[in-house]
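Peer 1: Numbering (numbering that gives the first Met the number 0), first residue to last: 0 to 318.
Warning: the hint list may mix true and false statements.
To be verified - Here are the simulated lysine to any residue pairs, SDA-like style, with alpha carbons at most 20 Å apart:
(1) Lys86 x Asp137
(2) Lys86 x Pro168
(3) Lys86 x Leu111
(4) Lys234 x Glu224
(5) Lys234 x Ala304
(6) Lys86 x Glu102
(7) Lys86 x Ala164
(8) Lys234 x Ala214
(9) Lys234 x Arg220
(10) Lys86 x Ala115
(11) Lys86 x Arg68
(12) Lys86 x Ala165
(13) Lys86 x Ala136
(14) Lys86 x Leu140
Read the hints as simulated data drawn from the structure, not as lab findings.
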Amino acid sequence: MAETLRRPDPAPTFHGEPRGFGAALAGLLVETRSVMPAAGATGLSLVLVIAAMCFLASLALGAALSVERMASDWTSDLAGALTVQIKPSPDTPPEEQIDAVMEVLDGTPGVLSATAFSRADTEALLEPWLGAGNVTADLPLPRLVDIRIDTAAPPDLSALAGAIAAAAPGATLDTHRQWRTELRRAARAAIFLAYGILAAVAATTIAIVTFATRAGLSANRDVVEVLHLIGARDKFIAAEVQRHFLHLGFRGGLIGLALSVVTFLALNLTGGGDGLFMVPISGLQPEHYPVLAAVPFAAAAVAVATARITVMRSLERML
Numbered sequence: 000m001a002e003t004l005r006r007p008d009p010a011p012t013f014h015g016e017p018r019g020f021g022a023a024l025a026g027l028l029v030e031t032r033s034v035m036p037a038a039g040a041t042g043l044s045l046v047l048v049i050a051a052m053c054f055l056a057s058l059a060l061g062a063a064l065s066v067e068r069m070a071s072d073w074t075s076d077l078a079g080a081l082t083v084q085i086k087p088s089p090d091t092p093p094e095e096q097i098d099a100v101m102e103v104l105d106g107t108p109g110v111l112s113a114t115a116f117s118r119a120d121t122e123a124l125l126e127p128w129l130g131a132g133n134v135t136a137d138l139p140l141p142r143l144v145d146i147r148i149d150t151a152a153p154p155d156l157s158a159l160a161g162a163i164a165a166a167a168p169g170a171t172l173d174t175h176r177q178w179r180t181e182l183r184r185a186a187r188a189a190i191f192l193a194y195g196i197l198a199a200v201a202a203t204t205i206a207i208v209t210f211a212t213r214a215g216l217s218a219n220r221d222v223v224e225v226l227h228l229i230g231a232r233d234k235f236i237a238a239e240v241q242r243h244f245l246h247l248g249f250r251g252g253l254i255g256l257a258l259s260v261v262t263f264l265a266l267n268l269t270g271g272g273d274g275l276f277m278v279p280i281s282g283l284q285p286e287h288y289p290v291l292a293a294v295p296f297a298a299a300a301v302a303v304a305t306a307r308i309t310v311m312r313s314l315e316r317m318l
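Sequences are here, hints too, so could you generate the full structure?
Peer 2: Here you go:
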């Protein structure tokens, strides 16, 4: 009697097997078959909505990073700079006033350099505000001296201001303290606004995923009942649904991230965007892009957590 040989069944494949990073990333992009059919509310339309939310989130996060960096650079520059303003005096010629101020600065410890601006330099500073050709020769203009100080060992500003005022009538020392305060305040306001937008986008995404999850469960109510009849537990059903939303959230996050990167690269090429609270938002620095790369993973995590919580609560009410 001939013996029938049977081919052994292939070894089963489990989702928990260790995989490389490339395989894991491919698994996020390519959705595997699920026992829960995808309803229309959780398909392409949801991917596009999540992509839009992630685009706004990336813009808000990038704006916060850009403003924070620029405000830090500006305050650092202002901290190491002083300005002497010399008003015209009927008793002393401007050149004598400048010479007296420069003599005081040359003998002051902590002053690294001092540069006196000519009248033409002052006119060039005023032209963006008054317009080219509107600064006439008879317009009395103050003379300016730009000072760079050692921030590690700065001079005594009060003593320096007194010495300058005594040496040259009408000369005053500007420490830019008010400008630094206003700049920090404007930067904090812009950063808080950006993070507020980020929080609003996250809350909106949670609401959208919650609605889509409930719509998907309602559309597949018969499937859920059959799964319960054959012994499936709520955790199994929740795992199937959240795996579906994991792929949707990650794909939408990647689309939103790509659009935001293109936007910031365009800002880099054009030289920056319009001012926001007197602080311009420019393109990002290379070290900021890895921070934006976390947006798709955050979107997937939010979608998965929201879907699981919604499914567990909905199943308790359905059955």
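Peer 1: If you test the structure against every hint from before, which numbers come out violated?
Peer 2: 3, 11
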